[in-house]
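**Q** Could you put together the complete structure from these sequences and hints?
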Amino acid sequence: MHRGPFTSFEFIKKISKNVNYLKPDLIIFGGDYIYASLNYLKDVFLPFNNFNPPLGKWGVLGNHDNYLGTKKVIRVLKESAIELLNNSSIKLIFGGNILYIFGVDDFRTGYPDLKKAIKFLKEDGIVIGISHNPLFWEKGKLNFSADLLLSGHTHGGQIDLPFLGPIFLLPGHGREYYRGFYNINGNKLYVSRGIGTIHIPLRIFCPPEITFIEIKSKNF
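In this text, residue positions in the sequence shown follow the numbering used here: the first is 57, and each later residue adds one.
Certain hints may be false.
[Said to hold, decoys possible] In silico DSSO-like pairs for lysine-lysine, Cα to Cα no more than 30 Å straight-line:
hint, residue 1, residue 2
1, Lys-98, Lys-127
2, Lys-113, Lys-70
3, Lys-172, Lys-244
4, Lys-127, Lys-197
5, Lys-147, Lys-171
6, Lys-113, Lys-69
7, Lys-69, Lys-175
8, Lys-70, Lys-98
9, Lys-113, Lys-171
10, Lys-171, Lys-98
11, Lys-171, Lys-195
12, Lys-98, Lys-73
13, Lys-98, Lys-134
14, Lys-134, Lys-70
15, Lys-147, Lys-128
16, Lys-134, Lys-69
17, Lys-197, Lys-178
18, Lys-127, Lys-147
19, Lys-172, Lys-197
20, Lys-175, Lys-70
21, Lys-113, Lys-244
22, Lys-134, Lys-172
23, Lys-244, Lys-171
24, Lys-195, Lys-127
25, Lys-147, Lys-197
26, Lys-134, Lys-73
27, Lys-113, Lys-147
28, Lys-98, Lys-113
29, Lys-128, Lys-113
30, Lys-98, Lys-175
31, Lys-195, Lys-73
32, Lys-197, Lys-244
[Said to hold, decoys possible] Just the calculated beta-carbon pair ranges, DEER-fashion:
hint, residue 1, residue 2, range
33, Lys-172, Ile-149, 18 to 26 Å
34, Lys-171, Ile-271, 19 to 27 Å
35, Asp-180, Phe-65, 41 to 49 Å
36, Gly-151, Leu-217, 40 to 48 Å
37, Glu-270, Pro-227, 15 to 23 Å
38, Ile-260, Gly-152, 16 to 24 Å
39, Asp-169, Pro-218, 21 to 29 Å
40, Gly-242, Lys-127, 32 to 40 Å
Hints in this document: simulated from the structure, not taken from any laboratory.
Positions of the beta carbon are idealized from the N, C-alpha and C atoms, including for glycine.
**A** Take a look at the structure:
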């Protein structure tokens, strides 16, 4: 989201209205909620506070959250009724079906612990994993079969030029998995472009994105 000098509160409100229109069963926040200052925490989640999807609101931490103040970000997530999946998992039951969601701390700035995150997972339902940084799924050597992995971090390149690709993303910083679907170690990974910007208030060939995923397999 990167609420900050380049991402206004009015823009976040517009995003929230579009999310509400989709009527999601659950909402996942992928980290990097603010940019440049902790002051932006005061309103970043306000447009989502009245959202009560039946399967809840869930989130993980991103590198900017840890840079600026992990404890304060965690407190605001809690106040906004967004449950943090920080090296942990949750079992949800919906219409008699089982959904597991697990999340890990940020790959670069936190202490991701995959073993702890998947400790209570079983194979009797859909499994979705969340890591802010997509590189975690490769470097973390996931040896657990998930139905879907979700990440962000890269902004989709933010400036993604034809033939040149994401000019600000270097190998080792997300260029390998910077937008859309990938197959990584036999698991499906989706990397969202997100909605905010950093460094410059500009996106080229890379519009902001609300990712809407409909699960149809395993009786859903």
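**Q** Next, verify each hint and record whether it holds.
**A** For each hint, the structure was consulted:
| no. | hint | in the structure |
| --- | --- | --- |
| 1 | Lys-98 x Lys-127 | holds, 14 Å |
| 2 | Lys-113 x Lys-70 | holds, 18 Å |
| 3 | Lys-172 x Lys-244 | holds, 21 Å |
| 4 | Lys-127 x Lys-197 | holds, 28 Å |
| 5 | Lys-147 x Lys-171 | holds, 16 Å |
| 6 | Lys-113 x Lys-69 | holds, 17 Å |
| 7 | Lys-69 x Lys-175 | violated, 37 Å |
| 8 | Lys-70 x Lys-98 | holds, 17 Å |
| 9 | Lys-113 x Lys-171 | holds, 23 Å |
| 10 | Lys-171 x Lys-98 | violated, 34 Å |
| 11 | Lys-171 x Lys-195 | holds, 14 Å |
| 12 | Lys-98 x Lys-73 | holds, 19 Å |
| 13 | Lys-98 x Lys-134 | holds, 13 Å |
| 14 | Lys-134 x Lys-70 | holds, 23 Å |
| 15 | Lys-147 x Lys-128 | holds, 26 Å |
| 16 | Lys-134 x Lys-69 | holds, 20 Å |
| 17 | Lys-197 x Lys-178 | holds, 19 Å |
| 18 | Lys-127 x Lys-147 | holds, 25 Å |
| 19 | Lys-172 x Lys-197 | holds, 14 Å |
| 20 | Lys-175 x Lys-70 | violated, 38 Å |
| 21 | Lys-113 x Lys-244 | holds, 22 Å |
| 22 | Lys-134 x Lys-172 | holds, 21 Å |
| 23 | Lys-244 x Lys-171 | holds, 19 Å |
| 24 | Lys-195 x Lys-127 | holds, 26 Å |
| 25 | Lys-147 x Lys-197 | holds, 23 Å |
| 26 | Lys-134 x Lys-73 | holds, 22 Å |
| 27 | Lys-113 x Lys-147 | holds, 13 Å |
| 28 | Lys-98 x Lys-113 | holds, 18 Å |
| 29 | Lys-128 x Lys-113 | holds, 18 Å |
| 30 | Lys-98 x Lys-175 | violated, 34 Å |
| 31 | Lys-195 x Lys-73 | violated, 36 Å |
| 32 | Lys-197 x Lys-244 | holds, 14 Å |
| 33 | Lys-172 x Ile-149: 18 to 26 Å | holds, 23 Å |
| 34 | Lys-171 x Ile-271: 19 to 27 Å | holds, 26 Å |
| 35 | Asp-180 x Phe-65: 41 to 49 Å | holds, 42 Å |
| 36 | Gly-151 x Leu-217: 40 to 48 Å | holds, 45 Å |
| 37 | Glu-270 x Pro-227: 15 to 23 Å | violated, 33 Å |
| 38 | Ile-260 x Gly-152: 16 to 24 Å | violated, 46 Å |
| 39 | Asp-169 x Pro-218: 21 to 29 Å | violated, 40 Å |
| 40 | Gly-242 x Lys-127: 32 to 40 Å | holds, 37 Å |
This entry does not satisfy hints 7, 10, 20, 30, 31, 37, 38, 39, going by the numbered hints stated previously.
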